[in-house]
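Q: Okay, here's what each chain looks like letter by letter:
Number of protein chains: 2
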Amino acid sequence: MSSTVSPLAPTELPDMPEIAGVRLATAAAGIRYKGRTDVLLAILDEGTTVAGVFTRSKCASAPVEWCRAKLKGGKARALVVNSGNANAFTGKTGKQSTALTAQIAAKAVACSQNEVFLASTGVIGEPLDASKFDGVLGDLAKSNAPADWIGAAKAIMTTDTFPKVATATVKLGKAKVTINGMAKGAGMIAPDMATMLSFVFTDAPISAAALQSLLKSGVEDTFNAVTIDGDTSTSDTLMAFATGAAAAHGAPKISRASDPRLKAFTKALHALLADLSEQVVRDGEGARKFVEIIVEGAVSKMSARKIAMSVANSPLVKTAIAGEDANWGRVVMAVGKAGEPADRDKLSIAFNGIRVAKSGARDPSYDEKQVSEAMKAPKIQIKVSLGLGKGRDRVLTCDLTKEYVAINGDYRS
Amino acid sequence: MSSTVSPLAPTELPDMPEIAGVRLATAAAGIRYKGRTDVLLAILDEGTTVAGVFTRSKCASAPVEWCRAKLKGGKARALVVNSGNANAFTGKTGKQSTALTAQIAAKAVACSQNEVFLASTGVIGEPLDASKFDGVLGDLAKSNAPADWIGAAKAIMTTDTFPKVATATVKLGKAKVTINGMAKGAGMIAPDMATMLSFVFTDAPISAAALQSLLKSGVEDTFNAVTIDGDTSTSDTLMAFATGAAAAHGAPKISRASDPRLKAFTKALHALLADLSEQVVRDGEGARKFVEIIVEGAVSKMSARKIAMSVANSPLVKTAIAGEDANWGRVVMAVGKAGEPADRDKLSIAFNGIRVAKSGARDPSYDEKQVSEAMKAPKIQIKVSLGLGKGRDRVLTCDLTKEYVAINGDYRS
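Chains as they are written, first to last, in my numbering: chain V, 85 to 497; chain U, 85 to 497.
I should point out that these hints are in silico values taken from the structure, not numbers from a laboratory.
Among the hints, erroneous ones may be present.
Identical chains share a label here; the pair holds if one copy fits it or two copies do between them.
[As the list claims (entries may be wrong)] Below, in silico cross-link-like pairs of lysine-lysine (DSBU-like), each with a Cα-Cα straight-line distance of 35 Å or less:
1) K430 to K156
2) K179 to K474
3) K442 to K216
4) K453 to K179
5) K453 to K385
6) K442 to K176
7) K118 to K453
8) K159 to K430
9) K176 to K474
10) K390 to K258
11) K430 to K142
12) K142 to K442
13) K385 to K179
Can you build the whole structure from these sequences, using the hints too?
A: Shown next, in the form of structure tokens:
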């Protein structure tokens, strides 16, 4: 946790309602940090379904491999998340750590190990001493305090500067259901931290298969459409848990994602994932500008996505934004290198609504002074219009500052 | 040109011999800079063949489009290079500028416009006033001074901190032939500069088709295997000119790249391209460390290249090197995100010959103090051993420093 909160942080935290069937408790297990909580135990009522999407890294962490394997059962009773150690690139020891953690959690919660899900964030390559969870998880399981969602979001932080939570309440059938979510972001102040974790909980009665389908489609335009530095963690994890408790007050049981009664829920879930992923960007390392890249007129949405990501990940574009420079020449460069169809002479570019380039050349009418003023805003929108087709996409990122280099260039020890 | 020379610059410049059939002259045309040369005219004897490889950008500059079109003729009599303005993203005006420049050069040299090649480097998006070449090129064509190769390399610099030249002399048949080359690099101190240009000249009698083939294969492991920040310019240009003058003292005329007599020449050309591309890396923006990434044991060379590029372009790896941190966790991350086959538990990583990770975990025998000492060197080698196959590749890059952000975050005007 940094002492300086990101200038792009939301001004207030939402009130987080309870989710029937979910208990949360945190503790200081002394994994790496001192004087703060570093372990979260979520206890889920029987009947809770689970879904998850994970990093595409070929070198995924041990907890990611554990979750992938256990997801097949579709049932969850416990989630254990620790900060301070990612249990990534830890070889056989890492596998043993996950097995031991699950064993301790299963005993504490009185469930099968196959219903325990795990996530770890922090240092890569250090063995995680799972025996530190012994006792701690048992005590947490006995806790009867009401769920403190913001406390939970804080326990999973590493170098984040603020806790990230979001909530939504919608109708499922005629019943009210609630969705709560939390995330930790891409702060990596101690150099070998690298993880995006997010957990979503709902009392809606949704089957594991339907939840998986919702999560997969929900992530596409939210978590998969943000980038801080283009570096994909070995531990990225987004999981959703549905306790089904709302069935008690009349929520219909949903088994298929295509069920028309899910419409409002799906919309709310997507909005919640969008909110959390935006918060991750707003806490990007060293970020001083929140940047939205919109690409329109591409040959397809996928093509627009590739071009938007090329712009969002370009160090030259990102440093220009840090310098409050509407440097459209670099945007052209990033569009050009994406390798997707683009016709230089049809290209238009606007910064915060001011068109600076059109038809493949500088817009003769643009006023440099006006643009300079607009670039001082904390939120910068870059809109690229390709003029080729109807493909459109949107990606969120932040600027690249000297602070990013300082954060990540400091020596580990 | 920066007043501070890169600490990674070569300690001395080579003596550049003459190339029969090549005349060079430079002038200050006042394109953008004051008090320095900014235009190079190379005049080539009749019979000179030409080859070129260019940026893969979909938004290539007007001079790149001009050269691509004229390359079909295979013959060159003049090369005009200017610094200060890239003539990129300049719409119809850009096309008109190239046509006018070629017309002026053709008149000065008394050749066809189809034998004139052009390259421009500097600001993107500003119209290039080609009328500034009028008179200047005519005067240059009349100049009888001996070719000043280092002066030529200086005239094409933008924010490079040192001129980049290389030379080689080899036997072709029983005759001695010479290859001279120059390059300008990825210095981008004034923010919207972005171009890699390189020109190679030889007196060897080689057909345009054979030269094109040699250049294409030569670029693969040289210019295409270096990266400063992963941002591809709209203007990248590498051209080779063969005057054939060495035929007068017995060099055989070569029409096919597969001709066995070309062996020594091909090897020398590749070494020269490797030398020039390494110099470009050594002058990377804000670079303080020269970094060599070797990936071995991959399933193929192409797979090794993708993984090496993923490591080389990772901001987290590059900032760690700037911080003299042997952060192998970030190397694992970059290997994992490349999307190529990799087995975490077979992975080994070494920094400057010291193995820090093996079999998917920290090497228990490694001495952090020894590695820390090794990371202070100006050259850092990262070797990734995948243990899967025989694919091997090598990529050169530099570190990512606060200076890079400062250079590229300064306001344009």
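Q: Does each hint fit the structure? Answer for all of them.
A: Here is how each hint holds up against the structure:
no.	hint	result
1	K430 to K156	between (48 Å within a copy, 27 Å between copies)
2	K179 to K474	between (47 Å within a copy, 29 Å between copies)
3	K442 to K216	between (60 Å within a copy, 26 Å between copies)
4	K453 to K179	between (58 Å within a copy, 29 Å between copies)
5	K453 to K385	within (34 Å within a copy, 50 Å between copies)
6	K442 to K176	between (56 Å within a copy, 12 Å between copies)
7	K118 to K453	between (50 Å within a copy, 25 Å between copies)
8	K159 to K430	between (52 Å within a copy, 33 Å between copies)
9	K176 to K474	between (49 Å within a copy, 26 Å between copies)
10	K390 to K258	neither (41 Å within a copy, 53 Å between copies)
11	K430 to K142	between (39 Å within a copy, 12 Å between copies)
12	K142 to K442	between (41 Å within a copy, 16 Å between copies)
13	K385 to K179	between (39 Å within a copy, 31 Å between copies)
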